[in-house]
Amino acid sequence: MNFELTEEHLMIRDAARNFAQQELEADVIERDTQQIFPTAQVKKMGELGFMGMMNDPKYGGGGMDTLSYVIALEELSKIDASASVIMSVNNSLVCWGLDEYGTHEQKEKYLTPLVTGEKLGAFALSEPEAGSDATSQKTTAIEKEDHYLLNGTKNWITNGGSADYYLVIAQTHPDLKHKGINVFIVEKGWEGFEIGPKEDKLGIRSSDTHSLIFNDVKVPKENRIAEDGFGFKFAMKTLSGGRIGIAAQALGIAQGAYEKALAYSKIRKAFGTEICNHQAIAFKLADMYTQIEGARMLVYKSAIDKDNELDYDLSSAVAKLVASQAAMDVTIEAVQIHGGNGYVKEYHVERLMRDAKITQIYEGTSEIQKIVISRKILND
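Just so you know, we're using this note's numbering here: the sequence shown kicks off at 1 and counts up by one.
Some hints here could point you the wrong way.
In silico BS3-like cross-links for lysine-lysine, where the CA-CA straight-line distance does not exceed 27 Å [unchecked claim]: (1) 119 - 188; (2) 188 - 218; (3) 233 - 58; (4) 43 - 198; (5) 237 - 376; (6) 198 - 119; (7) 138 - 237; (8) 237 - 370.
Simulated DEER-style distance windows between Cβ atoms [unchecked claim]: (9) 237 - 142: 21 to 31 Å; (10) 11 - 272: 43 to 53 Å; (11) 332 - 221: 46 to 56 Å; (12) 375 - 146: 39 to 49 Å; (13) 375 - 128: 22 to 32 Å; (14) 237 - 173: 15 to 25 Å.
Just so you know, these hints were derived from the structure itself, not from any lab.
The model shown is predicted, which means the values in this text are computed figures rather than measured ones.
In this text, a Cβ means the ideal position worked out from N, Cα and C, and glycines have one as well.
Based on the sequences and whatever the hints tell you, model everything.
Set out below in structure tokens:
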């Protein structure tokens, strides 16, 4: 495997890095503290092509590979994981699913404004009782003459209050269990569709997370994606791609914290010298660097597997498991290296530590990744 990035990959990395440093960093602490959604920055991300990187240029997408997407996400996450998860959901879970399985009419109507950033998407799978278990959907979509009647509640929905279009997973044929699940495109503002209060979260605080409530929402039949009963397969494939995005986010958080800690260790003095000259700190930095490099190889491999049309269910689960653990470990050590300064907002690392925790939870907890991995290796 060639780990050298192409000239195009390097250009994407530099563009994402410049955007993150110039557009995200200045007010990232204020947005985190006050839970301010980065509306202007998301619009700029759309203008730069970050909101539909992997999609067909025919519908306005960038036509880029998954590795390009991972590289861009990593750079944004080093500065602001809230902005990167907004981008990740729109790319991995919404636009990719529409592009891969939607009809031409669905793509023209919904995908085109999503990939350009004119509109924003959300993916609604999690439920109060089921979490991310797509086989246990309580939300129902009962088929009528020319529409489906949608009822139920979704929770922990990223972009929940800011999105314009929602991909909603619901059960149509309970007797068929997971084979009776469908996925629907739902628009904000439809009668019976309510958005719950914003969650007050530990991390990624400037991204908005809400519950969604559906009370007899009429969904036109043409808004069902793919054939009847395809919803479970749709969810599984999009979640595998979503794990790659979350792994890239975790990688970026870890890299951002490491860079902050490294720079701080070179200027902070203790016992007559910069603290990086003390073996205790130098060894911490060495461990952080090593853990990040290992995670990066796994994240890049999962992206390359997807680009080469290989089965990436296993590699994406491994990448997310390892990268999210790296994010947690590295950010904790970054706070430790900063000492008391690491506990205050202006040095950024406490925010990165709070942001890191969610990477172990969403798109399936670490325990779920181990279930995916163990099933794969035991069945091979």
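(request) List, from low to high, the hint numbers that the structure doesn't satisfy. (result) Hints that this structure does not satisfy do not exist here, as all of them hold.
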